[in-house]
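Residue numbers (the working numbering), protein chains in the order written: chain A, 1 to 256; chain B, 1 to 101.
One thing to keep in mind: the hints can contain errors.
[Said to hold, decoys possible] Chain B stretches covered by chain A per the calculated footprint, using a threshold of three residues with CB under 8 Å from any CB of chain A:
no. : stretch
1   : 47-53
2   : 62-72
3   : 78-84
[What the hints assert, rightly or not] Sample of chain A residues lacking proximity to chain B, with all beta carbon distances greater than 12 Å (derived):
no. : residue
4   : Asp12
5   : Thr13
6   : Val20
7   : Met22
8   : Val45
9   : Pro48
10  : Gly62
11  : Ala70
12  : Arg90
13  : Thr194
14  : Thr229
15  : Glu233
16  : Asp243
17  : Val245
[As the list claims (entries may be wrong)] Derived DMTMM-like pairs: lysine to aspartate or glutamate, alpha-carbon spacing no greater than 20 Å straight-line:
no. : chain 1 : residue 1 : chain 2 : residue 2
18  : A       : Lys125    : A       : Asp138
19  : A       : Lys176    : A       : Asp224
20  : A       : Lys222    : B       : Asp11
21  : B       : Lys5      : A       : Asp89
22  : A       : Lys92     : B       : Asp97
23  : B       : Lys5      : A       : Asp50
24  : A       : Lys159    : A       : Asp89
25  : A       : Lys222    : A       : Asp50
26  : A       : Lys164    : A       : Asp138
27  : B       : Lys71     : A       : Glu150
28  : A       : Lys125    : A       : Asp139
29  : A       : Lys159    : A       : Asp12
30  : A       : Lys125    : A       : Glu150
31  : A       : Lys92     : A       : Glu112
32  : A       : Lys92     : B       : Glu7
Worth flagging that the hints you see were computed from the coordinates, not collected in a lab. Glycine is no exception: its CB is placed at the ideal position from the N, C-alpha and C atoms.
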Amino acid sequence: MDIPYTVQPRPDTGVYNAKVGMWLFLASEVMLFGGLFSAYILLRVSAPPDTWPQGWLSVPLGTLNTLILALSAITTLMAWAACKARMFDRYKVYQGVTLLLALVFLSIKAYEYRDKLTHYTVTLKDGRIADGHLVSRDDTTVVLDGQFVESRAHLMNPKRHPAKHEEIRISMDEVKRLQNYGPAYNTFTALYFTMSGLHALHILGGMLVFAYLWGPGSRMWKTDPARFTNRVEIAGLFWHFVDLVWIFLFPVLYLT
Amino acid sequence: MSDLKPEAFADYARRCWLVFGAVACTTFLMVGASYAPIGNRTVVIGLVLAAAVVNAGLVGAFLMHLLSERKTIYTVLAFTAVFFVGLMGLSIWAQFDHPKF
């Protein structure tokens, strides 16, 4: 049995079925991310002064990732246009470049996550607070490349309280609490990891689809090029949506 | 879009690169606005988000072809917009809905 309207537009909607399906899916995605953005706004606005972090994320890396994702949106569109122009070789090149750019995006994200997960705040039993990147840790000692701070409020805006980083050796007997900048650190990191992690999962999903269309799925080009072109188009629509989400995630998490 | 002639592909590619240039410019504008020496933080956030909206508009209009879509797609988007505005509106309403004693 043939699936109807995979190539020809359906008379009542004017578009082929998969395109309507993708737009309906994207509508549900808008609500999914909308809920997270609204949670962010509520928590951000109601945070007491000096409790919301400023400048914790690398703006140059975030900007670079924004440009990489924008470039991948262009190459995915060019891949679709190449199919429309019956230039299958060009399609392969542009889709391959899209995949590589997505991989670079995820690699930068992984580097940023690693930076946060190896950044520790150590609260000592005498009340002092040490903060910095973990150098080493064993049963007796923890070594940080960081600084002692007067209070946790000083950690919220490192640019306002610049300090020289040095190697700090702390005996585990003195440690009251040892916590990395993971999702459980504070409300900001919880939101950062949830929102950017969900976005990264979307990138991964898009990559799987693109890899299929670039590899085994591209066999359809020989038997039904119009249908294959439509598959590339709707995968591209999803990718543009993922780019759109990042366009708002970047300023919200990195710049404001 | 109907099938492209190979010579029209080059024109289309040029348009795509122009859009990328515009998206890159608005991205830098967004970052620049966040460093602007404006005392009022709300104004800075407003400027940054305005640049983000322009950026998103470029992606939606040109890359997602929303400038020339079918009525069905606009209908889906209109419903999405209503629900999204409702979601954000309820959040903001809840934020300012403090009891007055």
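We went through each hint and held it up to the structure:
As drawn, the stretch 47-53 of chain B meets chain A at 4 residues by the rule of a beta-carbon pair under 8 Å; at three or more, the given contact holds. Using a Cβ-Cβ cut-off of 8 Å, 5 residues of the stretch 62-72 of chain B lie near chain A, which meets the minimum of three, so the contact claim holds. With 4 residues carrying a beta carbon less than 8 Å from a beta carbon of chain A, the stretch 78-84 of chain B meets the three-residue requirement, and the given coverage holds. Here A/Asp12 does not stay apart from chain B, with its beta-carbon only about 8 Å from theirs, under the 12 Å limit.
Non-interface call for A/Thr13 relative to chain B: violated, since the shortest CB-CB distance, roughly 4 Å, does not exceed 12 Å. Not every C-beta of chain B lies more than 12 Å from that of A/Val20, the closest at about 6 Å, which undercuts listing it as non-interface. Taking the minimum C-beta to C-beta distance to chain B, about 10 Å, the non-interface status of A/Met22 is violated against the 12 Å cut. The Cβ of A/Val45 does not lie farther than 12 Å from every Cβ of chain B; its closest approach is about 6 Å, which violates its non-interface assignment.
A cut-off of 12 Å between C-beta atoms confirms that A/Pro48 is not in contact with chain B; the least separation is 15 Å. Not every C-beta of chain B lies more than 12 Å from that of A/Gly62, the closest at about 8 Å, which undercuts listing it as non-interface. The beta carbon of A/Ala70 is not kept farther than 12 Å from every beta carbon of chain B, the shortest such distance being approximately 5 Å. Against chain B, the non-interface label of A/Arg90 is violated: not every CB pair exceeds 12 Å, the least being about 8 Å.
Interface exclusion of A/Thr194 from chain B stands, the closest Cβ pair being 16 Å apart, more than 12 Å. Under the 12 Å C-beta cut-off, the non-interface status given to A/Thr229 relative to chain B is violated; the minimum distance is some 9 Å. With a minimum CB-CB distance of about 9 Å to chain B, A/Glu233 fails to clear the 12 Å threshold, and the non-interface call is violated. Not every beta carbon of chain B lies more than 12 Å from that of A/Asp243, the smallest distance being close to 6 Å; the non-interface claim is violated.
The Cβ of A/Val245 does not lie farther than 12 Å from every Cβ of chain B; its closest approach is about 9 Å, which violates its non-interface assignment. Using a Cα cut-off of 20 Å, the hinted pair A/Lys125 and A/Asp138 holds, with the two alpha carbons roughly 18 Å apart. Restraint check: the Cα-Cα separation between A/Lys176 and A/Asp224 comes to about 65 Å, which exceeds 20 Å; the hinted pair is violated. Only pairs whose Cα atoms come within 20 Å are accepted, and A/Lys222 paired with B/Asp11 is rejected, the gap being roughly 26 Å.
Restraint check for B/Lys5 and A/Asp89: satisfied, since their Cα atoms lie roughly 15 Å apart, inside the 20 Å limit. The suggested pairing of A/Lys92 with B/Asp97 is violated, with an alpha-carbon distance near 55 Å, which exceeds 20 Å. Annotation: proposed proximity of B/Lys5 to A/Asp50 is violated, straight-line Cα distance about 59 Å (limit 20 Å). A C-alpha spacing of about 50 Å is found between A/Lys159 and A/Asp89, which places the hinted pair above 20 Å, so the restraint is violated.
This hinted pair does not check out: A/Lys222 and A/Asp50 have alpha carbons roughly 61 Å apart, beyond 20 Å. Using a Cα cut-off of 20 Å, the hinted pair A/Lys164 and A/Asp138 is violated, with the two alpha carbons roughly 25 Å apart. For the proposed pair B/Lys71 and A/Glu150, the alpha carbon gap of about 60 Å is over 20 Å, so the pair is violated. With a CA separation close to 17 Å, the supplied pair A/Lys125 and A/Asp139 stays within the 20 Å bound.
Pair hint A/Lys159 plus A/Asp12 does not hold up; C-alpha atoms about 58 Å apart against a cutoff of 20 Å. For the hint pairing A/Lys125 with A/Glu150, the CA-to-CA distance comes to about 14 Å; that is within 20 Å, so the pair holds. Restraint check for A/Lys92 and A/Glu112: the C-alpha separation of about 30 Å exceeds 20 Å, so the hint is violated. With a C-alpha separation of about 19 Å, the suggested pair A/Lys92 and B/Glu7 falls inside the 20 Å cut-off, and the hint holds.
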